[in-house]
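Chemist: These protein sequences, in sequence, are chains G and P.
Its first residue numbered 26, the first sequence is counted upward by one per residue in the working numbering.
Its first residue numbered 1197, the second sequence is counted upward by one per residue in the working numbering.
Honestly, I wouldn't trust all of these hints.
Stated by the list, open to error - Which stretches of chain P does chain G cover? Using the computed rule of at least three CB atoms under 8 Å from a CB of chain G, they are:
no., stretch
1, 1227-1237
2, 1281-1292
3, 1312-1324
4, 1350-1363
5, 1372-1379
6, 1439-1446
If you're looking for bench data, these hints aren't it; they were derived computationally from the structure.
For each residue, glycine too, the CB sits at the ideal point set by N, CA and C.
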Amino acid sequence: MRAQENSRPMIDRAKMVRALHEFLPVTAVLFEAEDLRPYECDGLSAYRHIPWLVVLPETVQQIQQIMRLCHRYEIPVVARGAGTGLSGGALPLENGVLLSLAKFNQILDIDPRNRIARVQPGVRNLAISEAAAEHGLYYAPDPSSQIACSIGGNVAENAGGVHCLKYGLTVHNVLGVKAFTMNGDLIELGGATFDSPGYDLLALMTGSEGMLAVIVEVTVKLLPIPERAQILLAAFDNVERAGAAVAAIIADGIIPAGLEMMDNPAIRAAEDFVHAGYPVDAAAMLLCELDGTNEEVSEQVMQVRRLLQQCGASEVRTAQDEAERARMWAGRKAAFPAVGRISPDYYCMDGTIPRKQLAHVLSRIGEMSKEYDLPVANVFHAGDGNLHPLILYDANRPGELERTEEFGGKILELCVAVGGTITGEHGVGVEKINQMCVQFPSAELQQFHAVKAAFDPLGLLNPGKAVPTLSRCAEFGAMHVHGGKLPHPELDRF
Amino acid sequence: MNNNSDISAQLAERVREAHTKGTALNIHGGGSKDFYGRQTDGEPLDVSAHRGIVSYEPTELVVTARAGTPLNDIEAALSERGQMIPFGAPRFVNCTLGGAVASGLSGPGRPYYGALRDFVLGVKIINGKGEILNFGGQVMKNVAGYDVSRTMVGALGTLGVLVEISIKVLPQPVSKLTVQKSLATDVALDAMNRWSGRPLPITAACYDGNNMYLRLCGSNAAVDSARKKLGGELVETPDEFWQKLRDHRHGFFSGERPLWRLSVPPATPQISLPGKWYYDWGGAQRWLRSDAPTEKVQAAAGAVGGYAECFRHGDRAAEVFHPLPAPLMKLHRNLKQAFDPRGILNPGRLYKDF
Ligand SMILES: Cc1cc2nc3c(=O)[nH]c(=O)nc-3n(C[C@H](O)[C@H](O)[C@H](O)COP(=O)(O)OP(=O)(O)OC[C@H]3O[C@@H](n4cnc5c(N)ncnc54)[C@H](O)[C@@H]3O)c2cc1C
């Protein structure tokens, strides 16, 4: 496979624009510098490239024609939903077409009897729940970016949210997708049924970061809106106790709808921003939401309150009404932008760890924060072990971004070392591609490349993302020697 | 457990050898699903001696076990700590964890708790080249690399020999009960789907041709109040009832007539095909005992946006799974090639072609 992300297009740009105009309206093809600039990055703005071309198709057939054309001239294609991704997955290529799915924003069908919705890929996550509400149904995964991010991007990243401890990730809530492989073949995976024949390609597509096929339709599962949801807020004087409380709740047989933790810097930033009434002196804070039938929630609120107190919470509060509940969540959901207000830039990490390692990992992050002289605020999907350390830095200070990236890389390596993973929900993209070499040996990486080639033999879809080449790992490994042992020893060094 | 042992190195060696020689292997766990999928020949590769729970931490909600571990052993260990595998894969007799994952079947709780594939967190496999590979892990959220773990589910061993599997587990409910109601088929299908769309603690719904059964699980108060809303009569031995459905021990499942599994949108009205029906998954999984020809059953399922497979009996040398459209078939072949380039792992078990 060639390194498609660097190769020169086989057709010149003006010719390509003409070829596209044969089936696309003039306004659907962007090539002027000022039109291309808005697409130069996704939510990870530290990485930017001006795309070769941007296309904005409006029909499924146009997407197919674009794919066929790009396939014929071996032009790389990068799909883009809402561009809120945090790992550079939708970072364009200077030699590639950026395929925006923004115009595919229609909810095609809501079927309350079968409890499913069929939607176009550009539909915003929250729009599905809004449309299903009249039937007493909703779409469960709720990333904090849900007012903006697209369902296609959610499937491509296997997005999670604050309620995925109980209701699962995107992969648990999507029943089917229609997609084009790079050669323009339409594939239908799953549908309105709970399973489908053959390999579970739907699972393989979910979280594949736009590397296997371009999603043009999604069928999602809808759930009945719980009768009642109640949130508890607990403050702790130290992080260990908060971590122990998380384990205690789960050990007691309760799966909360959401179980989130924030450390002191994150609490302060969020409180300053949305005035959620957070305890600004606490070392850590837990938000625990319980949902279900009225009776069940009443029972569990008492049980969880007792557990939190037993675990040494300095304060336990329950939201008195829906407005207070919304406020308590607003602080958490706005945690990233809140941190964005107190620092010129921040870098969001996304490792997952076994819950029991929480205290250890947080104290190591604290130590490293001093070593690198960069403050960190921690937001944590505590229930499922997904950690979001936010490293605060200033890109205008020379060398600070590089130091931040190195620090971030170290955090991810720590996650792997304690039995976790480098990414829980944001994806590898371009950002964590080096850490993939830490998490996976060569044989696994080669297996990933073989999977990719099964879908896209020419390597044209989103090349250079998600799975590193072995030579890249060798280069990275040369800089990161662990305990005197080189990773990937079978490779030549240069 | 004293018969625990790790024979992964020997298994990998066998696969490497077979890869070199191009010998087809027939992967074997407890043999509980020998009837399932297509008939294959090939040298037996017995995984059942590779057994034992490798780690289990109740507060992490994860258990990791070797593929040859009997599912019963795992469930017993979980039960001691008040936990369970909610997907309730059918065990028939002597089912191993590896066999359950390879066949990908889920029990009556599937629509409400999720499918077996939803609970798989990580796998260790041997690919067709004899390489031992690890994917996923023991944490709840993990999007590093493609989701190879879930791709193994239901692949019937054609992509790799499952060696070790990590699955998510859940606490057992504090309280549960089952109600039954005598209803006509259309009314039962309608009722199951109406109730499933309401915020009630329903965790299983089936209809046996005479009675609809709804299982409720949750806190005492939740189960009590839902029971009042649903009405109906209490089933006296509900656990036994659902276990028998899970393992196909109800009378409906005995006999030699072909048993079809239809996967359809749950609210689909009755499908007109000759034979006897049993509705599980709130109507989404329909069992049919019928001598109707394959094309007819599959066309009827296809017409309502569903699929049909010949689950048990019938001609096991013919195709038994729903046919795939050409572009999908091509992807399947490519993927098989990517994991098992010489086509030695259970060739033909899923589809004749690979
Ligand atoms: C403030 C903030 C909060 C966030 N909170 C969360 C959170 O709680 N949980 C979480 O999981 N994520 C979160 N994210 C990350 C991001 O919102 C998700 O990854 C989201 O799923 C991306 O969707 P998108 O439409 O913006 O995709 P994009 O950023 O446009 O693309 C993401 C990837 O998907 C691919 N892609 C997009 N559309 C398609 C398609 N139709 N077919 C094939 N590939 C496609 C792209 O090529 C790219 O690789 C957050 C981001 C921000 C900025």
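Chemist: Each hint needs a verdict: does it hold in this structure or not?
Modeler: Consistency of the hints with the structure:
Coverage of a stretch by a chain is defined here by at least three residues with a beta carbon nearer than 8 Å to that chain's beta carbons; for the stretch 1227-1237 of chain P and chain G the count is 0, and the condition is violated. Counting residues of the stretch 1281-1292 of chain P whose C-beta lies closer than 8 Å to any C-beta of chain G gives 0; at least three are required, and the coverage claim is violated. For a cut-off of 8 Å, the count of residues in the stretch 1312-1324 of chain P with a CB near a CB of chain G stands at 3, and the three-residue condition holds. Counting residues of the stretch 1350-1363 of chain P whose C-beta sits closer than 8 Å to any C-beta of chain G gives 3, which meets the bar of three, so the coverage hint holds.
Three residues within the 8 Å Cβ limit are the bar, and the stretch 1372-1379 of chain P against chain G gives 0, so the coverage statement is violated. For a cut-off of 8 Å, the count of residues in the stretch 1439-1446 of chain P with a CB near a CB of chain G stands at 0, and the three-residue condition is violated.
Of the numbered hints given earlier, the model fails hints 1, 2, 5, 6; all others are met.
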